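Number of protein chains: 2
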Amino acid sequence: MTLTPATDAFADTLSQQLPADTLRRVEPRFLEEPRGRWQGSSGWVALPRSTQDVATIVRHCAQSGTGLVPYGGGTGLVGGQIAPDGAPLLLSLERMTAVRAVFPEENALTVEAGAILADVHDAAEAVNRLFPLSLASQGSARIGGLLSTNAGGINTLRYGNARDLVLGLEAVLPDGEIWNGLKRLRKDNTGYDLRHLLIGAEGTLGVITAASLKLFPRPSATGTALLATPSPATALSLLARARDLLGDTISAFELIHRQGIDFLAETLPDIRRPWPAPPEWCVLIEIGTGPATDPTEALETLFASALEDGLSEDGLIAQSKQQSQDFWTIREQIPEANRRIGSISSHDIALPLSVIPEFIPEAHARLAEIDSYRINCFGHLGDGNLHFNVFPMPGRTRADHAHQRDAIKTCVHDLTHAMGGSVSAEHGIGRLKTDDMLRYGDPTKLAAMRAIKSALDPAGIMNPGAVLPD
Amino acid sequence: MTLTPATDAFADTLSQQLPADTLRRVEPRFLEEPRGRWQGSSGWVALPRSTQDVATIVRHCAQSGTGLVPYGGGTGLVGGQIAPDGAPLLLSLERMTAVRAVFPEENALTVEAGAILADVHDAAEAVNRLFPLSLASQGSARIGGLLSTNAGGINTLRYGNARDLVLGLEAVLPDGEIWNGLKRLRKDNTGYDLRHLLIGAEGTLGVITAASLKLFPRPSATGTALLATPSPATALSLLARARDLLGDTISAFELIHRQGIDFLAETLPDIRRPWPAPPEWCVLIEIGTGPATDPTEALETLFASALEDGLSEDGLIAQSKQQSQDFWTIREQIPEANRRIGSISSHDIALPLSVIPEFIPEAHARLAEIDSYRINCFGHLGDGNLHFNVFPMPGRTRADHAHQRDAIKTCVHDLTHAMGGSVSAEHGIGRLKTDDMLRYGDPTKLAAMRAIKSALDPAGIMNPGAVLPD
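Protein sequence lines correspond, in order, to chains A and B.
With the UniProt record's numbering, the residue at position 99 of the first sequence is 99, and numbering never jumps.
With the UniProt record's numbering, the residue at position 460 of the second sequence is 460, and numbering never jumps.
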């Protein structure tokens, strides 16, 4: 399908249908992405102020066969927000940031797609509620992008992925029609679930313009523990033990490998490290409890039980907000340390929980057949989501291994797929992983995806090049 | 679109591609449905033993343009399982009942679509886990139908609807291709979510043949309370209070009106009633707690707090399994009592929680303009899901009001829609509510549904006449 670029003439015609200053020449900030892998093609960006404006823009693109790339906070890690060529129109939702309404008694709020996640947290907190989606980029990521990529993060164990937090959507479909689906219902069985189709479609089936989101009661108290554990297998037993003892209160269960703490020491030496000699594996556990339970006592009970059965040999339970924050800083700064070290290849994978103890040593062994590496394997163990990232040995650089990058990725992804896993757990497909979709995707699913895409976006204008392999 | 009936010649040709005794002449049990509203057209039923057989059947129907109606336990309440005319092929999954695998350490199991819900409960219980989907027909409803209709039931407040309990699906799409989507992953962002598209599509986009389902830890202990409350508004305040005090432990929060208890007294007098003179409104609360919490004490704390603030004036907390069962029998037998009284019109609606106190009196007032009725309003208040059912006054029959049935339904559904609600909360559309889809459905959503249906099922063979209005 050949698309028309968003030329000056196109911008001129479209501008006449929109309020002043809706279209601008693209600024450099829209052309970069966090991985530094792609550079966007310059041209025009639309900055609409209303859903009606979005509809006008999409309709015009559909009629003229012009590609359209929706843009949220620009924090995506798979290039879904960047169009390297073809000069499509960028559509930034950054002016549509209103919290339209808050319904504390319903545990719900309605917010526009351009709202920044941290602002949604604040809006929920203002009515003593919790919006639990939480991830490193929450100060800049916007709701529309977070939903379009079905973002994950640290609280999915308890509260689910982004899609699980959505009651209703408003969206502009690829023909420019507005879908008013902003219901605030916990049950609604009236036809196909368009909501879940748009969530995770990464802007290829329409533009999310607003969402009704689920809120939750804020826990009365939270507790944080950092427990050393001998192996990934014991980490999983510890997770099961924690579930038995602490039930639904566990909001995060993060696996950390010594390699990550060593990287912190190397690149961010000011960060307080909990152990002089870190254990090979540890888990960061966060719980949020109701008024009847003291979270510190609950974590102490867990630790005692884990010690007794050899699931942990050493542990720290935060005795203050500061200590809890210190533990979290370690986990949260590992990605930054990784960035400073410079990975050769990073992998955002998910596995069935029970195969993880087998996966990790097998992946190490297979990679060792290629070369020697430092491997930082960490992530959201409670969800089976590992960030399995491969780095050069000290004294070598990522450039030294550039020729091995594809082999490394294929090695990790082949094993992940063979063990029933996913090669994109929480980051999505974007432009980075379309080849993986071809290699690992179920052919029937791919055919269905193409049929749905053609049916809803026959001209192929929505985020061309993303998600669906050519 | 004109479909070919499943004639004897069709059955003969198809039989040659299948193991012996896969096709049979339809037995009467496949031609009836619980509401007694439709009678199926006779012809042939296929009873496949494997996913491969299902694929053969669907492919043959696609090639010959023969309609195909998937059939689970036959318990659907909106006629989705019945084809009144056109003599399509019925496809019963009743021979595909295997629990393929159980993964206790992953809190997951994989089961075929024909498995009966109660058997899945047992398979989960055998490994000390809980599969929480629970509804009146669980002794005969089958997993495929429950997922195709996105069933709700009594535990959705805590555990979600059927769609929230699914990790992966295996399905045969309308062209006869098998989608192998039986992943057991908590995070998987690799393309459009076909799973959520098939769930709730009521067999119009393919046949679910197996599913990987989420299991949960079994609560250490459960507690049940029946609390009288002055009004729907105080019932909602009581729900909020319960959430504050009991957190995520609340698995059911059911509203009961005196009318339902009076119907029980009238039709099922042997059922033990908790009060000599029942209150106008009461709520049935079920909680499931971890080892650290005594559920009876927790409910006593809630009741004391509710008493103090006038949210309840009288209450019973079950002191034994038997008492808990007695409370549940009241709730569970109300639909049977309704059936014996005979409703003029029943409504399965959902509303935003905060409008319910306004909805109920307004609906009563509007119906009073049509005639005098007895109204039994009950249901899953925690989910905003009401069963708002309209009955004749004593001495009159439903036949006396037959001419008012459409007006009653329109009155209730118009008000529901105007207040942001859904005219099908948990039962689905089937053949009963396709007109409602036209009247209340969002036109953009309807157009997208039609486009998706045409793309995936161009011959229109899958469950013709269900969900999508002509």
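Quick caveat, the hints were computed from the structure, so don't treat them as lab data.
Incorrect hints may have been included.
To be verified - Now the in silico label distances, taken between C-beta atoms and shown as ranges:
#, chain 1, residue 1, chain 2, residue 2, range
1, A, Q325, B, A233, 40 to 46 Å
2, A, R272, B, N128, 36 to 42 Å
3, A, T7, B, T13, 54 to 60 Å
4, B, A447, A, S42, 30 to 36 Å
In this text, all values refer to a predicted model and were calculated from it rather than measured experimentally.
We treat Cβ as the ideally placed atom computed from N, Cα and C, and that holds for glycine.
Quick one: which hint numbers does this structure break? Sort them smallest to largest. When the structure is compared with the hints, none of them turns out to be violated.
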